[in-house]
Amino acid sequence: MFIQSNIKFLRKRRGRTQDEVSNFLGMKRSTLAGYENGVAEPGINELRLFSDYFRISMDTLTRIDLATMAESQMRQLEDGFDVYIKGSQLRILATTVDKQNRDNIELVNEKAKAGYKRGYADPEYIRELPVFQLPFLSPERKYRTFQISGDSMNPIPDGSYITAEFVENWDFLKKGDPCIVLTKDEGLVFKLIEKDFRHKQFILHSLNREYQPFPVALEEITEIWKFIHYISTEMPDKLPLEHELFSAIANLKKEVEEIKGRG
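Numbering (the working numbering), first residue to last: 13 to 275.
It cannot be assumed that every hint is accurate.
Said to hold, decoys possible - Lysine-lysine pairs mimicking DSSO-like chemistry, simulated, CA-CA at most 27 Å apart: (1) Lys-186 with Lys-123; (2) Lys-40 with Lys-123; (3) Lys-125 with Lys-187; (4) Lys-24 with Lys-125; (5) Lys-212 with Lys-187; (6) Lys-129 with Lys-24; (7) Lys-238 with Lys-125; (8) Lys-111 with Lys-187; (9) Lys-40 with Lys-24; (10) Lys-40 with Lys-129.
To be verified - For each label pair, taking beta carbons as the anchor points, the in silico distance ranges come out as: (11) Thr-43 with Glu-122: 12 to 22 Å; (12) Thr-43 with Glu-198: 52 to 62 Å; (13) Asn-113 with Asp-64: 26 to 36 Å; (14) Gly-55 with Glu-152: 31 to 41 Å; (15) Met-39 with Glu-136: 21 to 31 Å; (16) Val-51 with Ala-126: 33 to 43 Å; (17) Arg-210 with Lys-40: 37 to 47 Å.
In case anyone wonders, no lab produced these hints; they're calculated from the structure. Keep in mind the model is a prediction, meaning the values are calculated, not measured. No residue lacks a Cβ here, since even glycine has one placed at the ideal position from N, Cα and C.
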């Protein structure tokens with residue numbers, strides 16, 4: 013059981029003293045110190061007090077060593093995503109960390125995509141994925157990189173690597189956000205999303221207009237990762253409009269200079 017170490021860890025994480033916590037819970041400071049030092053174990057009533065105070069379930073307090081969890085996992089717990097409170101449909105995201113306890117960026121390449129559909133929640137599967145770090149990304153967020161295939165998201169080339177941020181609360185997504193979506197049937201897809209919560213679904217759109225949008229029920233979606241950037245060895249098929257304008261302006265300037273030269 014990890015209750016003693018977790019109580020101390022959570023108290024310090026919140027910047028509280030033993031006096032502040034013990035006074036709020038109506039117990040002696042020496043009693044709290046005894047719990048934290050492993051001299052005594054809290055009973056069921058005390059467990060309920062700590063659970064309510066830290067807003068973390070008794071099962072999590074006793075079964076999981078919180079000090080070993082990644083920062084992204086702790087934020088999920090503190091935001092209310094506790095599997096022991098919310099039920100089996102919500103879970104702590106399986107992740108890996110480096111020696112400094114920083115979240116790794118796991119790489120799901122083309123070969124691993126089929127396995128990810130089944131193993132996304134399996135810590136053992138996630139642990140086998142290649143990992144790396146990108147120092148310019150926020151350490152406060154959780155990222156993963158997925159390799160895409162096909163031309164539905166042209167001009168982003170086939171085979172590109174999409175780095176995306178894990179989305180805990182889907183309410184924050186905006187229409188047109190590019191996202192990696194994990195569905196029970198289709199597996200991993202990269203699309204622009206449109207919320208339709210009235211009908212309990214998302215509409216998924218492609219950048220390539222040859223592909224028709226299609227709906228996916230919310231209950232069929234397992235994970236959503238919001239696009240951050242992509243890496244590719246190929247140039248996009250089409251340059252953005254602004255580049256085309258710059259090129260046209262440059263050509264006009266050249267033609268004007270040639271006309272002036274003839275005069």
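Here is what the structure says about each hint:
no.	hint	result
1	Lys-186 with Lys-123	violated (31 Å)
2	Lys-40 with Lys-123	violated (57 Å)
3	Lys-125 with Lys-187	holds (26 Å)
4	Lys-24 with Lys-125	violated (40 Å)
5	Lys-212 with Lys-187	holds (15 Å)
6	Lys-129 with Lys-24	violated (38 Å)
7	Lys-238 with Lys-125	holds (17 Å)
8	Lys-111 with Lys-187	violated (38 Å)
9	Lys-40 with Lys-24	holds (18 Å)
10	Lys-40 with Lys-129	violated (50 Å)
11	Thr-43 with Glu-122: 12 to 22 Å	violated (57 Å)
12	Thr-43 with Glu-198: 52 to 62 Å	holds (54 Å)
13	Asn-113 with Asp-64: 26 to 36 Å	holds (28 Å)
14	Gly-55 with Glu-152: 31 to 41 Å	holds (36 Å)
15	Met-39 with Glu-136: 21 to 31 Å	violated (40 Å)
16	Val-51 with Ala-126: 33 to 43 Å	violated (52 Å)
17	Arg-210 with Lys-40: 37 to 47 Å	violated (54 Å)
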